[in-house]
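Chemist: Here is how the chains run, residue by residue.
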Amino acid sequence: MEILLSVWEFFQNNILTKPQFFIGFIVFAGYALLRKPIYECVAGFIKAVVGYMILNVASGGLVGNFRPVLAGLKDRFDLSAAVIDPYFGQAAAQMSVENVGRSFSMMMMVLLIAFTINILLVLFRKYTKVRTLFITGHVMVQQSSTALWLVIFCFPQLQDPNVVVMLGVLLGTYWAVASNLTVEPVAKLTDGGGFATGHQQMVGIFLVSKLAKKIGNPKNSLENLKLPGFLSIFNENVVATGILMFFFFGAIISILGPDLMHQIDKGFGKNQNFLFYILEKSLNFAVYLTILQLGVRMFVSELTNSFQGISEKILPGSVPAVDCAATYGFGHPNAVTFGFLFGAFGQFLAIIGLIVFQSPILIISGFVPLFFDNATFAVFANRLGGIRAAAIFPFLSGIIQVLGGGFAAYYFTTGNFGGWHGNFDWDTVWPIIGVIMNNFQFVGVAVVVLLLLAVPQLLYRSHKDTYFLIAEDYEKYKEIEAAKQGVPVEEVVIE
Amino acid sequence: MLKVIAACGSGMGSSQLIKMKLQKVFKKLGIEADIYHTNVGDAKSQANNYDVVFCSDSLVGNFGGAKATVIGLKNLLSEAEMTEKIQAAGLK
Numbered sequence: 100m101e102i103l104l105s106v107w108e109f110f111q112n113n114i115l116t117k118p119q120f121f122i123g124f125i126v127f128a129g130y131a132l133l134r135k136p137i138y139e140c141v142a143g144f145i146k147a148v149v150g151y152m153i154l155n156v157a158s159g160g161l162v163g164n165f166r167p168v169l170a171g172l173k174d175r176f177d178l179s180a181a182v183i184d185p186y187f188g189q190a191a192a193q194m195s196v197e198n199v200g201r202s203f204s205m206m207m208m209v210l211l212i213a214f215t216i217n218i219l220l221v222l223f224r225k226y227t228k229v230r231t232l233f234i235t236g237h238v239m240v241q242q243s244s245t246a247l248w249l250v251i252f253c254f255p256q257l258q259d260p261n262v263v264v265m266l267g268v269l270l271g272t273y274w275a276v277a278s279n280l281t282v283e284p285v286a287k288l289t290d291g292g293g294f295a296t297g298h299q300q301m302v303g304i305f306l307v308s309k310l311a312k313k314i315g316n317p318k319n320s321l322e323n324l325k326l327p328g329f330l331s332i333f334n335e336n337v338v339a340t341g342i343l344m345f346f347f348f349g350a351i352i353s354i355l356g357p358d359l360m361h362q363i364d365k366g367f368g369k370n371q372n373f374l375f376y377i378l379e380k381s382l383n384f385a386v387y388l389t390i391l392q393l394g395v396r397m398f399v400s401e402l403t404n405s406f407q408g409i410s411e412k413i414l415p416g417s418v419p420a421v422d423c424a425a426t427y428g429f430g431h432p433n434a435v436t437f438g439f440l441f442g443a444f445g446q447f448l449a450i451i452g453l454i455v456f457q458s459p460i461l462i463i464s465g466f467v468p469l470f471f472d473n474a475t476f477a478v479f480a481n482r483l484g485g486i487r488a489a490a491i492f493p494f495l496s497g498i499i500q501v502l503g504g505g506f507a508a509y510y511f512t513t514g515n516f517g518g519w520h521g522n523f524d525w526d527t528v529w530p531i532i533g534v535i536m537n538n539f540q541f542v543g544v545a546v547v548v549l550l551l552l553a554v555p556q557l558l559y560r561s562h563k564d565t566y567f568l569i570a571e572d573y574e575k576y577k578e579i580e581a582a583k584q585g586v587p588v589e590e591v592v593i594e
Numbered sequence: 036m037l038k039v040i041a042a043c044g045s046g047m048g049s050s051q052l053i054k055m056k057l058q059k060v061f062k063k064l065g066i067e068a069d070i071y072h073t074n075v076g077d078a079k080s081q082a083n084n085y086d087v088v089f090c091s092d093s094l095v096g097n098f099g100g101a102k103a104t105v106i107g108l109k110n111l112l113s114e115a116e117m118t119e120k121i122q123a124a125g126l127k
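Residue numbers (our numbering), protein chains in the order written: chain U, 100 to 594; chain X, 36 to 127.
If you are wondering where the hints come from, they were derived from the structure by calculation, not from laboratory data.
The beta carbon of each residue, even a glycine, is placed where N, CA and C say it ideally should be.
Wrong hints could be hidden among the right ones.
Footprint (simulated), chain U over chain X, 3 or more residues, beta carbon under 8 angstroms [to be verified]:
| no. | segment |
| --- | --- |
| 1 | 59–69 |
| 2 | 72–86 |
Selected chain U positions facing chain X (in silico; Cβ < 8 angstroms) [as the list claims (entries may be wrong)]:
| no. | residue |
| --- | --- |
| 3 | V337 |
| 4 | V338 |
| 5 | N383 |
| 6 | A385 |
Please take these sequences and the hints and turn them into a complete structure.
Modeler: Here it is, written out as structure tokens:
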């Protein structure tokens, strides 16, 4: 008994509460189960461990770089601030979890349980009506991180195993149900492309595709528009982040002034020029983001590979739910830029609103929600409602992202570490889930899961005859629609 | 050995999808390929060390002037489209 206990203690102290090794051993075990040669298992283990450790360095750096600015805002204006971006959100969630003395290893367990729940929901699709398996690894890591903090925030007393199981069920249900909502919109956009979206704005895609045709006319498409060439620099992550951060932090730090910054930031050298200090500070964010992404890529590519394998092997007839950017090839390149631009208008307007109405939290635009959510919305909106819809939806989304993200960063206190997830579903659906959890505790979680499970049932009822067909055989789906419209297949009009 | 880059906006999601599908397609076609996935910025600066770049149609414009063959994909998950474009470009 004594020996067993000390073995457990060893396991707990060295592996279970050390996320890097926990993730490493999971990858190792996964590869061993796939009967890969031992040297590949070892390579996978090392990449996963190093990847996670890189991520740790970057999270610390990101939050550390932000800290003097946060302190300055608190000192001067009694304000907190958050960048709405999934990487900042992930870093802030990790810091929040560790700050209350809990292990971040739980994130990985949550991810695995949630993925398993999604598989089960698809396997029993006859009853659950779920058609999609969420396999976007890096997004799963980000969402598991933020959601883990939400649960620990709402249930501070809950033991680790219970946290992991409860959240696994909740998050897995969300993955399955929300990505399932995108089956019809994506199939119609891509003419049966054979995938759905598994990202951060799935509910948003569903809403846009329901509302876009009411707002505009697809004939006035934005394909004829000429956009200024300089916008193409925003295609590069590092450049876009650098510009955004310089813009925002430049403004904030200038207002705080060099004297205050000298006091609170030891990194600000006595002889350093203020402008170059700001430049260095802003570009540091691009540095840490690049490192963070390198780390995530290292341990996630192993994960995504195996998820893709699983989705092809176990689940024929289901649809893989993948990165939102997979839809961009089916929209005009203008749509992507257009969405980004109007999303930025919306976000900037809302941020000015926050300042004017003296919100207790300041929001700073992050690149990922600004670009990826709003570009996606524009692609879907343009097809159904033309240029008008492609402008209005990203603009509204920008406003919602700032207000919802601001509320969430304040309410769930991740503003203390300068970040919130910030993508559309995480500024709308998840803050609502969080508030319900916080007020109604276990009953709230149960109600949310049941409500989520009801969504595919309702969707199924709206078009029983083609519900599974649209995912399995798009050509046949078109034939049926053509027959309904009484025209040959070539002339069928899909919404 | 063909040296291949798969690129997307952030270098996280779509580029890996392209890579996983490409691995299958190249194997079927009997072409030996080494595939690296990354973001557009990185891909741009490295394109000249590679034989071919795959990315979404919407990103092809970023690779003007690259020595490598640039192949734009409409459907990042379509093995049929990849096969067709690989053969059209005469890769081997």
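Chemist: Name the hints, by number, that the structure is in violation of.
Modeler: 1, 5 and 6
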